[in-house]
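Asks: Go ahead and model the full structure; you've got the sequences and the hints to work with.
There are 2 protein chains.
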Amino acid sequence: MSLALHINGMDSDLWQAHLAAQWHDSPVEIWPAITDPNAVEYAVTWRHQAGSLGHYRNLRAIFSLGAGVDHIFADPQLPDVPVVRVVDGDLTGRMSEWVVMHCLMHMRQQRMYDWQQSERIWASDPLQPAAQDVRVGIMGLGVLGQDAGHKLKTIGFNVAGWARRPRQLSGIETYAGAGELDAFLARTDILVCLLPLTPETRGILNASLFEKLARDGAVPGPVLLNAGRGQLQVEADILESLESGVLRAAVLDVFEQEPLPQESELWHHPAVTISPHNAAISNPQAIAAFIAGQIKAFQAGAPLTHVVDRARQY
Amino acid sequence: MSLALHINGMDSDLWQAHLAAQWHDSPVEIWPAITDPNAVEYAVTWRHQAGSLGHYRNLRAIFSLGAGVDHIFADPQLPDVPVVRVVDGDLTGRMSEWVVMHCLMHMRQQRMYDWQQSERIWASDPLQPAAQDVRVGIMGLGVLGQDAGHKLKTIGFNVAGWARRPRQLSGIETYAGAGELDAFLARTDILVCLLPLTPETRGILNASLFEKLARDGAVPGPVLLNAGRGQLQVEADILESLESGVLRAAVLDVFEQEPLPQESELWHHPAVTISPHNAAISNPQAIAAFIAGQIKAFQAGAPLTHVVDRARQY
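Top to bottom, those sequences are chains A and B.
Take the first sequence: its position 304, counting from 1, is numbered 304 in my numbering, and each next residue is one higher.
Take the second sequence: its position 158, counting from 1, is numbered 158 in my numbering, and each next residue is one higher.
Hints listed in this document are in silico derivations from the structure and should not be mistaken for laboratory results.
Check before you lean on any hint, since a few could be wrong.
To be verified - With a cut-off of at most 35 Å between alpha-carbon atoms, the simulated DSBU-like pairs for lysine-lysine come out as follows:
hint : chain 1 : residue 1 : chain 2 : residue 2
1    : B       : 212       : A       : 296
2    : A       : 153       : B       : 153
3    : B       : 153       : B       : 212
4    : A       : 212       : A       : 153
5    : A       : 153       : B       : 296
Replies: Listed below in structure tokens is the structure:
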């Protein structure tokens, strides 16, 4: 048995070291330097080259190094074996930190107070809303969306969620499917997007969606937070909606093109906050341990968990 | 029965309206325009003039409009009746928002990413710590400190607390008294001060305390957050400790003198974040309802709650 790493845009050597630390007998090799393709039973991938996994006739499973798997399904010659996403408490917690921090910074008007400090102005906004009057709406209620929702709820926000299929979550009102999307948007002051990228969700964050968000909230809004995937958003629409006042602010961790091109107007827009796709940085050790644990259990006869549904692509 | 308002630095008329809305028969009057001093059974105060409460021979209780009561005990001629502080879920929640937001902003290095954005730099810090490796220490474990502690814990931080007397809190390691203060400081990367101002705590946030904070943490530190009272801190020491590197950053909601004087160096120090004593703005309606509820129950024979211990002054 061996592991083949097909990694682009991250440090293959580092991942090889972290994964190799988990095995004493099985080789962990970096494609294309694979000693014996027939020995490869597992592939660990990040933006692998399309077609490059087809050489392994004994391949049993493909692992993503992140929560997203759109980079895997981008391969039209993808072998027909289970695709497993990473679900890791560390990554989940980091995403929730980013979400909670930016919701708080918006509600508490941190940008305004930063400006006031720069001008030596001592003044408090009398209209500071209570958290329960600020309506956060989370698109995507998988592991990440649920965790962020519960933490926002603990802080006191009024939280609802939207997902493709109906969900029951304690303390969080849920909306499901295309039919309930408008009602969800109409009650949302701060929209948090944690959706997977699929053919259905590509470009979903566009001008027509922004227009349906609440405009009567207790905080200046509406506000968009996107930490899902850049291809979920139409950046020209975000800029236009910020200019027209349809959107009040945007906090973006992901972009149509990454790194965000130098010439993008998003960099210097006063109502845009940018993070370099690090809302939830993977902890390599934790992820290597997750993948190793899955493979060891699978080899011992247990089923794989967190297998992606090919039809839904998440 | 009547209520006398002794309010300085806040809008007396506004408070009169909010409190009067709770009573149909009893007058709510603003000192010094009191119709009948002998009818005054309750005083509602904020920085009242020393000696001004001595005229009410039938006074039964004094209420503070905020969580702090140091402004009341500053009066050497304070009548010997119970002093009641405001405990209000709304105020508590707002304080925790401020604490959680600033702890997150520090851990997630928001200021650095803001700077990077201004320079169009796309780069992620590989040393981003996990929340469990960031040690927040809360000084003051009353209602505010406990709520902030539990919410920080939910986000994932490693939280401990210090108070004058021993406390048992679930999931939060506690230290008590002068004897355990050094051990508490030695394990603290982010120090959150929510102490009451008493003769014992005045000036406690000084250079000698800052030197005892942890210097080996997973985040650049140590960091001071103070939302207690300005007189807890020695601002000259904060500035000096920031210059020498003994402190890495300070987030201050309260100041020795408020409003913070225009000439203060704190305004423009790059490692200082200032908010205008609004970490937990009182919601006048909620506070008026709290005071009215207390008085009505007391009139009906129930004991007052949240009565301040005169010896401890909190």
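Asks: Does each hint hold? Answer for all of them.
Replies: To see whether the hints hold, each was checked on the structure:
no.	hint	in the structure
1	B:212 with A:296	46 Å, violated
2	A:153 with B:153	14 Å, holds
3	B:153 with B:212	23 Å, holds
4	A:212 with A:153	23 Å, holds
5	A:153 with B:296	33 Å, holds
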